[in-house]
Amino acid sequence: MANNGRTHLVFDVEAPLPLPTGAPQLPSDAIESEKGDPATPPPPYAYPPPLQRTTPLAYSVPPKRRSSCFCCCMCFLFSLFLLLLLLLILLLFLLAVTIVLVLIFFLFFHPQIPKYYVNSVRIPHFDRATDASLVTTFDVNFTASNPNKKIGIYYEGGNHVSVWYTDTELCRGSLQTFYQGHQNTTVMQASLTGNATSLVKAVQVEKLRTGSKPLVIKGTVPVRVKVWKVKLMKIKFKVKCGIDVDSLSAGLHENSISRSSCKIRPHF
778 MANNGRTHLV FDVEAPLPLP TGAPQLPSDA IESEKGDPAT PPPPYAYPPP LQRTTPLAYS
838 VPPKRRSSCF CCCMCFLFSL FLLLLLLLIL LLFLLAVTIV LVLIFFLFFH PQIPKYYVNS
898 VRIPHFDRAT DASLVTTFDV NFTASNPNKK IGIYYEGGNH VSVWYTDTEL CRGSLQTFYQ
958 GHQNTTVMQA SLTGNATSLV KAVQVEKLRT GSKPLVIKGT VPVRVKVWKV KLMKIKFKVK
1018 CGIDVDSLSA GLHENSISRS SCKIRPHF
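In our numbering, each residue's number is its place in the sequence shown (first place is 1) plus 777.
Careful: at least some of the hints might be erroneous.
[As the list claims (entries may be wrong)] Okay, derived cross-link-like pairs now, SDA-like style, lysine to any residue, Cα gap no bigger than 25 Å in a straight line: (1) K1015 with S1035; (2) K995 with R949; (3) K995 with T954; (4) K1013 with M965; (5) K1013 with F883; (6) K1008 with L871; (7) K1017 with G934; (8) K892 with Y942; (9) K1017 with T997; (10) K990 with L1029; (11) K1017 with H959; (12) K926 with V1004; (13) K1015 with T945; (14) K1013 with P1043; (15) K990 with K1040; (16) K1040 with N923; (17) K1015 with R1036; (18) K1040 with H959; (19) K1003 with L878; (20) K1011 with L868; (21) K892 with F1014; (22) K1003 with I1041; (23) K1040 with N896; (24) K995 with V912; (25) K990 with S1024; (26) K927 with L868.
No wet-lab data here; the hints were simulated from the structure.
This structure is a prediction, so every number in the text was calculated from the model and none was measured.
My request is simple: use the sequences and hints to build the entire structure.
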């Protein structure tokens, strides 16, 4: 069969490969000698080692416990000082407001302490009982005067009145509760009873019944002040009246009083 004029190249697979022409290829670490032959590579210590990246040294930071504790203490002391200063300013402000209100109250209302008088004393019982005790009953008549023009007084419960001879309490009782308007005078009566056994041991009853005797009437009277329609704080009046009666003889008659004086002290 004809080849149609075409030429086909045939390679011999088993034939050896041709050697390359030109200069021989040297490895990267080989050094060419003056004669053109590769020389032996230099030893590793012939050149300085390459620079390496070093990690910076981390220096230990000294502890700050003392400085932090000192700062905390200073902050606490400063806060405490500021708090005390604010409390002091608040107290001074409240004190100033209270003083101003009290001055306005005194200038506008002119408050006055009520006055008390002992009108009469009657002794229904002043006798020795079967058990050698001294049984006493006093009916004391008081007068309470309110001189205030714009202030009323509420006499509240919890009051007590007692009659004393020297250092011995003869009897005790209480007053009735009531309201006393402004510029008002009210008569009160208190029925007082007691048992003065210690007095019997000191003196004879017959000596007590005769002759003028000094007596002391003590009272604690809690009241509330009324201004317009407002009840203010509770005040206690300590009342102490000294009287001289003609005798301590029992009877339905009133014992005459030769001396009577009362002192009043308010307790807030």
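Going through the hints against the structure:
For the suggested pair K1015 and S1035, the alpha carbons sit about 23 Å apart, so the restraint of at most 25 Å is met. For the given pair, K995 sits about 9 Å from R949 by alpha-carbon distance, which is consistent with the 25 Å threshold. For a cut-off of 25 Å, the pair hint linking K995 to T954 stands: about 18 Å separates their Cα positions. For the hint pairing K1013 with M965, the CA-to-CA distance comes to about 18 Å; that is within 25 Å, so the pair holds.
At roughly 19 Å between alpha-carbon atoms, K1013 and F883 fall within 25 Å of each other, so this suggested pair holds. Between the alpha carbons of K1008 and L871 the distance comes to roughly 21 Å, so the proposed pair stays at or under 25 Å and holds. Between the alpha carbons of K1017 and G934 the distance comes to roughly 19 Å, so the proposed pair stays at or under 25 Å and holds. Straight-line distance between C-alpha atoms of K892 and Y942 comes to about 23 Å, which keeps the hinted pair within the 25 Å bound.
Simply put, K1017 and T997 have alpha-carbon atoms about 9 Å apart, close enough for the 25 Å limit, and the pair holds. With a CA separation close to 18 Å, the supplied pair K990 and L1029 stays within the 25 Å bound. For the hint pairing K1017 with H959, the CA-to-CA distance comes to about 23 Å; that is within 25 Å, so the pair holds. Between K926 and V1004, the direct Cα distance comes to roughly 10 Å. Compliance with the 25 Å bound is thereby established for this hinted pair.
As the CA atoms of K1015 and T945 are separated by approximately 19 Å, the hinted pair is consistent with the 25 Å bound. For the hint pairing K1013 with P1043, the CA-to-CA distance comes to about 6 Å; that is within 25 Å, so the pair holds. At most 25 Å may separate the alpha-carbon atoms for a hinted pair to count; K990 and K1040 meet this at roughly 20 Å. At most 25 Å may separate the alpha-carbon atoms for a hinted pair to count; K1040 and N923 meet this at roughly 15 Å.
Of the supplied pair hints, the one linking K1015 and R1036 holds, its CA atoms being roughly 20 Å apart against a limit of 25 Å. For the given pair, K1040 sits about 21 Å from H959 by alpha-carbon distance, which is consistent with the 25 Å threshold. Distance check on the hinted pair: K1003 and L878 sit about 16 Å apart at the alpha-carbon level, within 25 Å; holds. For the suggested pair K1011 and L868, the alpha carbons sit about 23 Å apart, so the restraint of at most 25 Å is met.
Note on K892 and F1014: the hinted pairing holds, with a Cα-Cα distance of about 11 Å set against a maximum of 25 Å. Restraint check for K1003 and I1041: satisfied, since their Cα atoms lie roughly 19 Å apart, inside the 25 Å limit. This hinted pair checks out: K1040 and N896 have alpha carbons roughly 15 Å apart, not beyond 25 Å. Proposed proximity of K995 and V912 is supported: the alpha carbons are some 19 Å apart, at most 25 Å.
Between the alpha carbons of K990 and S1024 the distance comes to roughly 6 Å, so the proposed pair stays at or under 25 Å and holds. Restraint check for K927 and L868: not satisfied, since their Cα atoms lie roughly 31 Å apart, outside the 25 Å limit.
The earlier numbered hint that this structure contradicts is number 26, and it is the only one.
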